[in-house]
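Engineer: Residue numbers (UniProt numbering), protein chains in the order written: chain A, 1 to 292; chain B, 1 to 519.
For the record, the hints were derived by calculation from the structure and aren't laboratory data. Idealized CB from N, CA, C, for every residue including glycine. One thing to keep in mind: the hints can contain errors.
[As the list claims (entries may be wrong)] Pairs of lysine-lysine, PhoX-like flavour, derived with a Cα cap of 20 Å:
id : chain 1 : residue 1 : chain 2 : residue 2
1  : A       : K50       : B       : K299
2  : B       : K505      : A       : K65
3  : B       : K77       : B       : K375
4  : B       : K505      : B       : K493
5  : B       : K87       : A       : K219
[Unchecked claim] Chain A residues, not near chain B, derived (Cβ > 12 Å throughout):
id : residue
6  : N7
7  : T15
8  : M30
9  : V33
10 : N37
11 : T40
12 : G71
13 : T159
14 : S161
15 : A194
16 : N206
17 : W208
18 : N217
19 : Y225
20 : L272
21 : P275
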Amino acid sequence: MNQKRTNPIIVVVLTLFSLACLIPFWLVFMISVADENWVTAHGYSFWPGKFSLVAYQYLIEDAEKILRAYGVSALVTVIGVVVSLFVTSAMAYALSRKEFPLRGALSFYILITMLFSGGLLPWYLVYTRFLHVQDTLLALIIPGLIGGFNVIIMRTFFTNSIPPSLIDSSQIDGAGEFRTYFSIILPLSLPVMATIGLFTTVSYWNDWFTSLVFIQNEKLFSLQYLLTKTLMNASFLQTIANKAYSSTAQVTTPLESIRMAMAMIAIGPLVLVFPFLQKYFVRGLTVGAVKG
Amino acid sequence: MKWLKKSSAVLASLMLASVVAAGCGGNNASDSPAGSAQPDGAASSELKPYEVMMVFPDAPQKDNQLVQDAMNDYLKKTYPELNMTVKLNPIDWGAWSDKTNLMMASGDKMDLLFAADWLGFQQQVTKGGLLPLDDLLAKYGPDIEAVEKDYHEPAKRGGKLYGIHTHQELGGAQGVYLNKELVDKYNFDLTALKSGKVEDLEPMLKTIKENEPGITPLVAPSFPLEAYYSSTNLDSITSIAAINTVGTAPDDYTVINSFTTPRYMELAKLTNKWYKAGYINKDALTPGLDAWKKLQAGKGFAFVSDMDILADMEIGKADISPNGSIKAGREMLQIPLNIDRLQTGKMTATMYAISKSSEDPERAMMLLNLFYKDKDLLTLFNFGIEGKHYVLKDGQIALPEGQTTDSVGYYHDIMWQLGNQMLNYTRVGEDPDKYKNYEKFNEKISSNRSRIFGFVFDPEPVKNELISIDNANKTFVDGLKSGQLDPEEVVPKMLEKQKAAGADKVIAEAQKQLDAWLK
Numbered sequence: 001m002n003q004k005r006t007n008p009i010i011v012v013v014l015t016l017f018s019l020a021c022l023i024p025f026w027l028v029f030m031i032s033v034a035d036e037n038w039v040t041a042h043g044y045s046f047w048p049g050k051f052s053l054v055a056y057q058y059l060i061e062d063a064e065k066i067l068r069a070y071g072v073s074a075l076v077t078v079i080g081v082v083v084s085l086f087v088t089s090a091m092a093y094a095l096s097r098k099e100f101p102l103r104g105a106l107s108f109y110i111l112i113t114m115l116f117s118g119g120l121l122p123w124y125l126v127y128t129r130f131l132h133v134q135d136t137l138l139a140l141i142i143p144g145l146i147g148g149f150n151v152i153i154m155r156t157f158f159t160n161s162i163p164p165s166l167i168d169s170s171q172i173d174g175a176g177e178f179r180t181y182f183s184i185i186l187p188l189s190l191p192v193m194a195t196i197g198l199f200t201t202v203s204y205w206n207d208w209f210t211s212l213v214f215i216q217n218e219k220l221f222s223l224q225y226l227l228t229k230t231l232m233n234a235s236f237l238q239t240i241a242n243k244a245y246s247s248t249a250q251v252t253t254p255l256e257s258i259r260m261a262m263a264m265i266a267i268g269p270l271v272l273v274f275p276f277l278q279k280y281f282v283r284g285l286t287v288g289a290v291k292g
Numbered sequence: 001m002k003w004l005k006k007s008s009a010v011l012a013s014l015m016l017a018s019v020v021a022a023g024c025g026g027n028n029a030s031d032s033p034a035g036s037a038q039p040d041g042a043a044s045s046e047l048k049p050y051e052v053m054m055v056f057p058d059a060p061q062k063d064n065q066l067v068q069d070a071m072n073d074y075l076k077k078t079y080p081e082l083n084m085t086v087k088l089n090p091i092d093w094g095a096w097s098d099k100t101n102l103m104m105a106s107g108d109k110m111d112l113l114f115a116a117d118w119l120g121f122q123q124q125v126t127k128g129g130l131l132p133l134d135d136l137l138a139k140y141g142p143d144i145e146a147v148e149k150d151y152h153e154p155a156k157r158g159g160k161l162y163g164i165h166t167h168q169e170l171g172g173a174q175g176v177y178l179n180k181e182l183v184d185k186y187n188f189d190l191t192a193l194k195s196g197k198v199e200d201l202e203p204m205l206k207t208i209k210e211n212e213p214g215i216t217p218l219v220a221p222s223f224p225l226e227a228y229y230s231s232t233n234l235d236s237i238t239s240i241a242a243i244n245t246v247g248t249a250p251d252d253y254t255v256i257n258s259f260t261t262p263r264y265m266e267l268a269k270l271t272n273k274w275y276k277a278g279y280i281n282k283d284a285l286t287p288g289l290d291a292w293k294k295l296q297a298g299k300g301f302a303f304v305s306d307m308d309i310l311a312d313m314e315i316g317k318a319d320i321s322p323n324g325s326i327k328a329g330r331e332m333l334q335i336p337l338n339i340d341r342l343q344t345g346k347m348t349a350t351m352y353a354i355s356k357s358s359e360d361p362e363r364a365m366m367l368l369n370l371f372y373k374d375k376d377l378l379t380l381f382n383f384g385i386e387g388k389h390y391v392l393k394d395g396q397i398a399l400p401e402g403q404t405t406d407s408v409g410y411y412h413d414i415m416w417q418l419g420n421q422m423l424n425y426t427r428v429g430e431d432p433d434k435y436k437n438y439e440k441f442n443e444k445i446s447s448n449r450s451r452i453f454g455f456v457f458d459p460e461p462v463k464n465e466l467i468s469i470d471n472a473n474k475t476f477v478d479g480l481k482s483g484q485l486d487p488e489e490v491v492p493k494m495l496e497k498q499k500a501a502g503a504d505k506v507i508a509e510a511q512k513q514l515d516a517w518l519k
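Could you build the full structure based on these sequences and the hints that come with them?
Structural biologist: Here is the structure:
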């Protein structure tokens, strides 16, 4: 540890950076508790002249839909992250072992998936025609299970931080492959698990597109899709209202403060998760950079 | 060592399974759409049961299933010979293009499909996703023909019909909404607008600006330039290509760039002047800004936009706007400054089409036909079940006691999407004569045809140019229509950019196609 005082420039830069992160957050919060008419008349403000909790009351009344979406998101995220960590690490671990015969071929395969995607249509076809998971929670979980990039980060971690002799010695002591994997490798890999875990948590939690593509049943909408949908519908209706047709378009845009209140609600869990994983974060991310 | 290999094989297969799941392949487009159905002579009464899937944009309704069941009961009772049921498949507005494209490309079963030029009708036809309807219409669409016979031309592509226009108003009117309270307060002389010129609004805006601090004289984002320019002055062909209808002979078919007319410059300068004078709100371009909300909050005076359709509307005649007053929550006057001609584009703005993946297009057309003659069926679809989702009050639709639009379970505002609108009920608060007004209004419009009514531009040869022109416009158009940019300086720059993007080629192509059409 360096005992010298921190360079003031760094302090200033980091302070500014933190502010840049916090200020939009604050603005969103303030709009969510601002009086709707005041916002319409005066625009967004960091300290609105009139407060009102109508938005949150409205959300409580509409709680069923939101809570359900919350539940869907939470369930998908938890299952997704656990399973994803398991399959990702299993794959990465196998790839990190020199004894594994298909190592080269599979690494190449993974690399390809990182560079090219199958495209939307084949993706859709595989899930609806081949796996038949549309309109189920599986459709939300499976697509995020394995990411080529995550596998490679993990593989690098395993190759660099776990001495092959450790594996050898455990096997000399009689541990089988699975025993080695579960009792030796996994406990040693907490940093990378936390890192990748956070990545997948964020991506599962924030994912709305999968819902858009596969989910028809309103009860299975994830929270983020519910939000996106509200926004997309509103802006869409606004554009068509201007399309110079039909006088029937009685557009009711969702109230500004309600949108913001929903945004506040949606960030919740991630804000809670982050501090607990942070301590692993520093170590986890440096792994790739340091060659053993 | 052999043992070790075995267990890594287990791990490997686990991995493989997950790799498949990660979805990087997928060559099973083999189970392609089932071919077109067997026409088993629908005239013979022995029709097999069939479920017609209707796909249309709407927010999902809680009681979708209930209404669907009610529709099916009704169909069974009233039209047993058709032996069909219906499946309602609403898709969220925002997800519409992604989802329908996927469904279409993957050959998912769809029968009736909402189509519109602004939702990619042209692309759907080009991709071959829709069925030609001429024969089906002739055979199974007598009630459609009864009202829409003359208006099929715009939905034809390559000589074949691909969409059935909803029977509704045939055009719109654009003009200015004014807050009545303020008009009365200052005793504005509204006859000044008789000429149909938006310029004549200026003295009123000035008065409001000077005397009513905090009130925006002219609320954007619906700007004069956007809401008013093109339909008053042009017969539009595609993006920039148009025919100037102001000061040109009725047989003049010269295609021009719509940004080059003197009237465009005039209006752009006017907008710029008003912006500088502070008549237009500065946040006009903020996404999501809703002009009606400003009026609701009592912060606006005038608003240029599409008008409610009234039976005896005339240019320059002030009326109380029924819908506008509801939306603004206060009395609003509307003064039309332009009434549309019968134009091709309007006819393709709301249509239903039959998807290629339909297993029984005949039955789809039969169902569509019912929506043009059967008021009860249409009402079920539009308003839900009587007593549960609506009650009738003096012949108008009202919400049941204690229900709101959010709580009612089935409430959609998409009456304009389907069938014969003239069969619809109006809602309480709407003009009870709304649809009668439409009919009168339609007479007015249909007698005033655009020079090029029925001409459809095929964008294929200049597809790339159209995209680059769009991009070239992006930088300027918003600034111009909100008045923030000086047109004398910016318009020439924009024209130059358009030229570089291939504007001349687009206009030449439009002229070529138009000439061929005229012959």
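Engineer: With reference to the structure, classify each hint as holding or not holding.
Structural biologist: So, going through the hints one by one against the coordinates:
1. For the proposed pair K50/A and K299/B, the alpha carbon gap of about 17 Å is at most 20 Å, so the pair holds.
2. For the proposed pair K505/B and K65/A, the alpha carbon gap of about 52 Å is over 20 Å, so the pair is violated.
3. Proposed proximity of K77/B and K375/B is supported: the alpha carbons are some 15 Å apart, at most 20 Å.
4. A threshold of 20 Å between alpha carbons decides the hint, and for K505/B with K493/B the separation of about 18 Å falls inside it, so the pair holds.
5. For the suggested pair K87/B and K219/A, the alpha carbons sit about 19 Å apart, so the restraint of at most 20 Å is met.
6. The claim that N7/A lies off the interface holds: its Cβ sits roughly 40 Å from the closest Cβ of chain B, which is beyond the 12 Å cut-off.
7. The beta carbon of T15/A sits about 29 Å from the closest Cβ of chain B, which is more than 12 Å, so the claim that it is off the interface holds.
8. Under the 12 Å C-beta cut-off, the non-interface status given to M30/A relative to chain B holds; the minimum distance is some 17 Å.
9. Against chain B, the non-interface label of V33/A holds: every CB pair exceeds 12 Å, the least being about 18 Å.
10. Annotated as non-interface, N37/A brings its C-beta within 12 Å of a C-beta of chain B; the closest such distance is 5 Å.
11. Not every CB of chain B lies more than 12 Å from the CB of T40/A, the least distance being 4 Å, so the non-interface label is violated.
12. Consistency note on G71/A: stated as away from chain B, and its beta-carbon is indeed over 12 Å from all of that chain's, at 18 Å minimum.
13. T159/A, annotated as away from the interface, keeps every beta carbon of chain B farther than 12 Å; the closest lies near 16 Å.
14. With a least CB separation of 20 Å from chain B, S161/A remains clear of the 12 Å interface cut-off, as annotated.
15. Residue placement check: A194/A keeps its beta carbon more than 12 Å from all beta carbons of chain B (closest about 21 Å).
16. Look at N206/A: its CB is around 17 Å from the nearest CB on chain B, clear of 12 Å, so calling it non-interface holds up.
17. The beta carbon of W208/A is not kept farther than 12 Å from every beta carbon of chain B, the shortest such distance being approximately 10 Å.
18. With a minimum CB-CB distance of about 9 Å to chain B, N217/A fails to clear the 12 Å threshold, and the non-interface call is violated.
19. Distance check for Y225/A against chain B: the nearest CB is about 9 Å away, which does not clear 12 Å, and the non-interface claim fails.
20. For L272/A, the shortest C-beta to C-beta distance to chain B comes to about 29 Å, beyond the 12 Å cut-off, and the non-interface label holds.
21. Distance check on P275/A: its Cβ is at least 30 Å (rounded) from any Cβ of chain B, clearing the 12 Å threshold; non-interface status holds.
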